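Asks: Numbering (our numbering), first residue to last: 66 to 435.
Because the hints were derived from the structure by calculation, they are not lab data. Only a predicted model underlies this, so the values are computations on that prediction, with no experimental measurement involved. Hints should not be assumed to be uniformly reliable.
[To be verified] Here are the simulated distance ranges between beta carbons:
(1) D321 x Q72: 44 to 50 Å
(2) F325 x G90: 18 to 24 Å
(3) Q271 x G136: 48 to 54 Å
(4) S351 x S131: 33 to 39 Å
(5) D119 x Q72: 34 to 40 Å
(6) Q271 x G301: 44 to 50 Å
(7) G162 x S131: 30 to 36 Å
(8) K312 x N70: 34 to 40 Å
(9) G102 x E140: 29 to 35 Å
(10) G162 x T239: 38 to 44 Å
(11) G162 x Q323: 41 to 47 Å
(12) D119 x N166: 28 to 34 Å
(13) S351 x E140: 21 to 27 Å
(14) E212 x N326: 25 to 31 Å
[Said to hold, decoys possible] Think about it this way: if two alpha-carbon atoms lie no more than 25 Å apart in a straight line, the pair counts; the simulated SDA-like pairs of lysine to any residue are:
(15) K374 x Q323
(16) K191 x Q271
(17) K86 x K117
(18) K211 x T92
(19) K398 x I258
(20) K276 x K266
(21) K276 x I258
(22) K191 x R171
(23) K158 x A300
(24) K86 x R343
(25) K106 x R96
(26) K312 x E212
(27) K248 x T272
(28) K116 x S131
(29) K117 x D71
(30) K374 x D233
(31) K204 x A338
(32) K86 x S354
(33) K144 x E212
(34) K398 x Q318
Backbone N, C-alpha and C define an ideal beta-carbon position, used for all residues, glycine too.
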Amino acid sequence: MLIINDQIEVRDDERVVLLGKNGIGKTTLIRRALCLGEPIKVTVDGEDFCKKKDYSLLSAVFQEPSTQILGLTCEEELKLQSLFHDVDFNVPKRIMGEFFNVNFYRLSDGYKKRFVISTVLASRPKHVMLDEPFANLDKYSIGLVKEVIPKGSLTTEHRVREVREWGDRFYLLTKDGAREIDKVMLYDEKFLIEKGLRGFKLKPIQTTFGKLIFEHEWIKVREGEVFCIIGRNGAGKTTTLKGLVGKVYLIFQNPDLQFFNPTVRDEVKDDEAIKLFRLQDIADKSPFSLSYGQKMRVLIATAFASPYKVIGLDEPSVGMDGEALLSFYEMIKALKEQGRGIIIATHDEDLISICDTVVDLEERKHLVRV
């Protein structure tokens with residue numbers, strides 16, 4: 066049994082889920098449980114883990130894949146691991162499929178995530194902690210990863226819908242620590258919103274569309290329309306958006322690569338946009354110091370202040386908890402009311418539910434057209 070800080074128990078025969086909103090300390094807890102930074106009390110089968118630091122007993126998968134690899138392909142990574150302990154090649158081959166020998170840096174973000182999850186699990190640690198492992202993954206990939214995450218694991222999440230039927234027991238992390246909660250609470254939308262978790266339904270945004278303002282091959286966008294491009298990991302959603310460079314205002318997945326000024330005010334350069342997107346309280350802060358949801362708000366405000374009529378967003382909900390999702394919803398509503406067109410590349414069902422037009426990238430078929 067794994068016991069963390071005398072608060073979280075993970076038995077060998079169960080999958081435990083630790084829920085909590087962004088910034089509450091889920092990642093910090095995992096790092097400290099691995100004796101990284103200030104340690105906390107962690108025992109495995111009654112033994113103090115930090116005394117021996119035997120990572121065959123306890124390992125982890127963190128959110129950023131590039132920080133956890135040494136080999137350029139899954140095969141290289143596993144061969145390096147095999148120098149120190151036995152590895153199971155079957156899990157990575159199953160998870161990666163035809164991409165098993167593809168260079169890590171040529172993979173989509175979803176496949177990079179699958180790369181790290183599969184290679185960590187290949188070492189077969191007794192207990193494994195996974196920090197938001199389903200982020201960046203499409204529905205099929207989530208199902209595949211769920212099948213290979215072993216018993217005796219601890220998974221952190223804020224997207225309740227992905228885990229409430231999969232996990233065996235659930236803890237909620239707040240500023241007061243972790244406490245076990247009943248699964249029935251995960252179906253209470255009021256509770257989810259109050260705790261900053263996702264799993265509640267978003268209402269469609271009713272808008273009267275204007276004239277056609279953008280057309281590129283099969284992509285057609287009207288004023289006030291949200292045009293959604295969906296598809297599995299590696300289908301080419303990001304590549305499709307890159308083909309629109311110079312034609313629409315693009316916002317990609319990593320906000321930090323898109324800031325160029327020392328403060329939010331300097332970045333947005335428009336008082337109306339700062340007010341509309343409620344940035345007054347952080348206008349003089351560095352955009353790099355903000356939460357993911359705040360960073361996304363700054364980027365969308367900057368896009369709003371630009372002369373572009375159409376804004377493209379690549380997987381904008383990655384990393385969004387319940388609070389950030391509601392904020393994003395209000396921003397999309399504001400853009401629609403201003404007659405802007407929005408193109409979203411995603412496989413997030415919450416975002417798909419507020420789109421007016423949905424096109425499957427692989428089939429090039431309109432699934433919804435309002």
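Asks: The hint says 38 to 44 Å between G162 and T239; measuring C-beta to C-beta, is that right?
Replies: Holds - the Cβ-Cβ distance for G162 and T239, about 39 Å, lies within 38 to 44 Å.
Asks: Between the alpha carbons of K374 and D233, is the straight-line distance 25 Å or under?
Replies: Roughly 47 Å separates the two Cα atoms, so the pair is violated.
Asks: Kindly confirm whether 44 to 50 Å is satisfied by the beta carbon distance between D321 and Q72.
Replies: Violated, since D321 and Q72 (Cβ atoms, about 32 Å apart) do not stay within the stated range.
Asks: Does the Cβ distance between G102 and E140 fall inside 29 to 35 Å?
Replies: holds, 33 Å
Asks: Are the Cα positions of K86 and R343 separated by 25 Å at most?
Replies: With Cα atoms ~21 Å apart, K86 and R343 stay inside 25 Å; holds.
Asks: Quick check: does the Cβ-Cβ distance between G162 and Q323 fall within 41 to 47 Å?
Replies: violated, 32 Å
Asks: Taken at face value, is the distance from the CA of T92 to the CA of K211 at most 25 Å?
Replies: holds, 20 Å
Asks: Within 28 to 34 Å or not, the Cβ separation of D119 and N166?
Replies: Cβ of D119 to Cβ of N166: about 31 Å, so the range 28 to 34 Å holds.
Asks: Taking 48 to 54 Å as the hint, is the beta-carbon distance of Q271 and G136 inside that range?
Replies: At roughly 51 Å between Cβ atoms, G136 and Q271 fall inside 48 to 54 Å, so the hint holds.
Asks: Can the restraint linking K374 and Q323 be considered satisfied, given a maximum Cα separation of 25 Å?
Replies: Between K374 and Q323 the Cα gap is close to 19 Å, so the pair holds against 25 Å.
Asks: Range first: 30 to 36 Å. Now tell me if the beta carbons of G162 and S131 are that far apart.
Replies: violated, 21 Å
Asks: Can you confirm whether the C-alpha distance between K86 and K117 stays at or below 25 Å?
Replies: Distance ~32 Å between K86 and K117 Cα, so the pair is violated.
When the structure is compared with the earlier hints, violations turn up for hints 1, 2, 4, 5, 6, 7, 8, 11, 13, 14, 16, 17, 20, 21, 22, 26, 27, 28, 30, 31 and for no others.
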